[in-house]
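J.: Chains as they are written, first to last, in our numbering: chain W, 1161 to 1349; chain L, 104 to 168.
Derived DSS-like pairs: lysine-lysine, alpha-carbon spacing no greater than 30 Å straight-line:
#1 W:K1341 - L:K130
#2 W:K1278 - L:K130
#3 W:K1299 - W:K1215
#4 W:K1299 - W:K1341
#5 W:K1277 - L:K130
In short, the hints are calculated from the structure, not lab data. Note that this is a predicted model, so its numbers are computed, not measured.
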Amino acid sequence: MATGSMDDLADRFADRAVRSAFIYTREAHPGENYRHHRSMDDKRRNARAYVGHSKVRRQILLDDLEGSAHRAYGSLPNMTWIVGRGGMIHYKSAWTSAADVAGALEAVLDFQANRAKKQWVAFYSERSAWSTRDMAQFKAGLERAGPQAVADYQRMLETNKAARAAPTEDVGPRIPGNFYKTEGESGQR
Amino acid sequence: MTATEYNYSVFDGSAEEFREFAVHAPKATMRAPSLPLEDLATGRIVEMSELWRSEVALIEFGSFT
Chain W
1161 MATGSMDDLA DRFADRAVRS AFIYTREAHP GENYRHHRSM DDKRRNARAY
1211 VGHSKVRRQI LLDDLEGSAH RAYGSLPNMT WIVGRGGMIH YKSAWTSAAD
1261 VAGALEAVLD FQANRAKKQW VAFYSERSAW STRDMAQFKA GLERAGPQAV
1311 ADYQRMLETN KAARAAPTED VGPRIPGNFY KTEGESGQR
Chain L
104 MTATEYNYSV FDGSAEEFRE FAVHAPKATM RAPSLPLEDL ATGRIVEMSE
154 LWRSEVALIE FGSFT
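So that you can see chain W by itself, here it is in the shape it has in the complex (with noise of 0.2 Å):
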């Protein structure tokens, strides 16, 4: 997770009327040291020490032990989402990307700013978006988490065709998350 860059953010944002959070979920990666979670105890020892791992500055809020709030925006591991003043939702995003986020913020200020004055409508879109993947960082986290979540990942990447498939020129390396299929495999030619 891009825990520091997502921190620095909040920091810049924080003046201009942007409250940021961080919703404790259950372990994407439960491994041997990090456990999946029995009790709201043990989620609440898993959040505490993963702000004295990460130095995360924002505020730590805990979901329930069902994951009620995290299924109700998806479920994914490690979403981001940017909801308006009043609680009308400006941007969802299936991975977090602070490059991508800080983006998003700029537009949203301006359009809360100006929405009045100039009359701007909201309407609903889609597009993509990209950043880079630290894998070394990943994999630590994984090791962190313990021998069973690197097995567990290994195992995800050899039963999952998308993540095998070889990168093409469209789209570069498949990630979960991508949705898109070359002409062959869309039966379009």
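Go by the hints and put chain L onto chain W.
T.: For chain L alone, kept in the frame of chain W given last:
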């Protein structure tokens, strides 16, 4: 979904989760769902809507692992 099902003990990387997020989770321009959460630092219960009552809310979901 039970707490045991939600808190899986073995990661299997279901691609369906991403489709669920794209197709069934709330979309931009919808009203954000508000649920109660526990502030780790204080133990206080916080309604998510408090986050966006008077400010723009920037919300990241995640875990240590």
